[in-house]
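Based on the hints, put chain B in the right spot on chain A.
Okay, here's what each chain looks like letter by letter:
Protein chains: 2
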Amino acid sequence: MGDTVKGKPLVSIVSAGLSKFGRRTGLYGRELFVEAVNEAFERCPNLNPRKDIKAAFIGMMGESFEHQGHTGPTVLDWAGLLPIQAFRTEGACGSSAAAIRCGIFAVLSGLSDVVLVGGVEKMTHRATSDVTEYLAMACDFPFEQWNGLTFPGLFAMVATAHMHKYGTTEEQMAMVAVKNHHHGCMNPKAHMQKEVSLEKAMSSRVIAWPLKLYDCSLITDGASCLILTKPELAKTFTDTPVHIIGSGQASDTIGLYERNEYTTLNVGRLAAEEAYRMAGVTPSNIDAAEVHDCFTIAEIVAYEDLGFCKPGLGGQFIEEGQSQIGGKVAVCTSGGLKAKGHPVGATGVAQAYEIYLQLTGQAAKRQVAGAEIGLTHNVGGLGATGVVNIYKRD
Amino acid sequence: MGDTVKGKPLVSIVSAGLSKFGRRTGLYGRELFVEAVNEAFERCPNLNPRKDIKAAFIGMMGESFEHQGHTGPTVLDWAGLLPIQAFRTEGACGSSAAAIRCGIFAVLSGLSDVVLVGGVEKMTHRATSDVTEYLAMACDFPFEQWNGLTFPGLFAMVATAHMHKYGTTEEQMAMVAVKNHHHGCMNPKAHMQKEVSLEKAMSSRVIAWPLKLYDCSLITDGASCLILTKPELAKTFTDTPVHIIGSGQASDTIGLYERNEYTTLNVGRLAAEEAYRMAGVTPSNIDAAEVHDCFTIAEIVAYEDLGFCKPGLGGQFIEEGQSQIGGKVAVCTSGGLKAKGHPVGATGVAQAYEIYLQLTGQAAKRQVAGAEIGLTHNVGGLGATGVVNIYKRD
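Protein chains in written order, with numbering that gives the first Met the number 0: chain A, 0 to 393; chain B, 0 to 393.
Chain A on its own, in the form it takes in the complex:
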């Protein structure tokens, strides 16, 4: 599949790290970040972190969770990386994909040959009602939050619109959960490593109809990081770099109520178009993709927005098994936000971590045979931010 690739590497990933995802009781987010960074540094003994790294971009969504903003210096302090310049990037659940984009800018600028990008969120110590409220700050305050809307309700509207327009079924949404839980069972870092049957998913309690408990991603603690550099420097750090060959990002209205269309996320389509064009690949070239399955309907919409299938056929795509390992494109081999978990600020870079493992043959039981081209699709809010990156093995 790599034969058709025209895109030149923008930047190269020379190492990656991920904390264990889950309920990490008794740890601060900064400590989870150290766990991720340590893995990345151990994986890359040629890197002299304090000397080589020139900038750090850290995605975090909400300072309310830990009553702690100023994430950049906070996590770099704990990781022993001062006085490296540090930025927090925030784009809601797309915060650390935004960090990757900033990292790409910084490397290409010529001012920072090696950068660290990462993400972190500590969530499980708060009451679920608090978490729901803090997450809702990523949707519109005066017209959505104030009226009691939170993300399950917003994505439920996307689901009902998709059901109405295309005949998508509750069973098809539940199948996304079944698949991603199955994949998560093969990922030792996943929050939930537990199979779920279609019956169990379908009979779980309703959160916001038609979305049930198993249609929703997990409240999770976690951190993630990547080391990026110029392609021409990659081999000084590793024999097995992964190259980012395409990247796109777009914005849309903060409020769902401002959209003409609820069944697609325009940011996903625009970001994918830009990334595909830059990479010189088409959807059929993608071997493995981590998409933003914050709710099962979001994964179905992502199949369509990314061109894995035509609009309206996302339900059929999951039903036919096209998105499982061994299908047309292996989607969310990590377990996704659904089973690996969704520490919101960490998610975008955690998706890239999974693709890094897949393209370097380190994904163990969930390895996609011969994977050469990967994609990540990270969405913030109800699609007000969307980032798509495309990766190629060396």
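To be clear, the hints were calculated from the coordinates, so they are not data collected in a lab.
The calculated DSS-like cross-link candidates involving lysine-lysine, where the alpha carbons are at most 30 Å apart (straight line), are:
1) Lys211(B) with Lys309(B)
2) Lys327(B) with Lys193(B)
3) Lys53(A) with Lys229(B)
4) Lys7(A) with Lys229(B)
5) Lys309(B) with Lys53(A)
6) Lys53(A) with Lys53(B)
7) Lys50(A) with Lys7(B)
8) Lys164(B) with Lys309(B)
9) Lys7(B) with Lys53(A)
10) Lys229(A) with Lys7(B)
11) Lys229(A) with Lys53(B)
12) Lys229(A) with Lys229(B)
13) Lys7(A) with Lys53(B)
14) Lys309(A) with Lys53(B)
15) Lys50(B) with Lys7(A)
Looking from chain B toward chain A, a few residues come up when the C-beta cut is under 7 Å (computed):
16) His66
17) Gln67
18) Gly68
19) Leu75
20) Asp76
21) Leu81
22) Ala91
23) Ala97
24) Ala105
25) Leu107
26) Ser108
27) Leu269
For glycine and all other residues, C-beta sits at the position ideal for the given N, C-alpha and C.
What follows is chain B alone, placed relative to chain A:
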């Protein structure tokens, strides 16, 4: 003074906008942002915003103020700039200087020839106790916030250390307030356009000894923006660009308790060193500087960290009138955070806006005659983030 400059322009500022600073009752932050953007667009009729601008970086410190995160798309939505990619950058009170840095990276990357950088914060609708709590999220949670420390207390420790080590006096700190209020009287966009006498400042109520009411900057609403581009494109947009010729940023411990030294902010020194080196200028070349006078002691420390005077002589520097308009270097001609106001996320870019006015001869009553080289010094938290930029007129 420009004769000695060796630095080449990194990027050029081709337009700038600032909302009126103050108590902007009944407006959301996004509406203040539109006010700033409209000024920048009116100032630059050759710019076709939706077509030319390729990325936006928006500094905002706290989602708690308006219960609204996801600032990038929120403000771009209101400004009619969708679907341009948008990032929120957060570095506490240095959030929008961080946005400038990201904008520099984006322009130099070759991926985004024209970028919008800005900042916004809406604060005055919240109770002062809430504001103090939200701001405190930029210092360390487990060891500072939890023990009741907030920023007035933290900067009071800096002040007492400076008094103890160098003999700096309460009167010298109050003189900073007198000067900046005097400058603010000449800035129609300043929050407080009111002279304050030394006696009044000295007799104002104690907030955290030795800091009194007039030693503290203002809780203010406001927004700011700049349009940046490659130097070679600048003249297609304006006849009077201002060039950024040096830029530096550094990080330090999130907690003051982790420092060996309380009388200097290491990030200011490191960022300035980098910026001076890149620009090929020395402190004596600086005609106008906007420094981070969140408390009067912080301006005195800034004089020393930026090399305007030797360590320990900051108190003498203000006492001798060296930092007023007509002195050795005109510091905070806008009125500074002290009198213009400190809508935290907007401050870094608002400082650059003032320097843009000074270097294009648009500063009216507060114009520094013949200003050629300017500097901004923006600090986040208790100096966990520091950014210094150096500017040159065309």
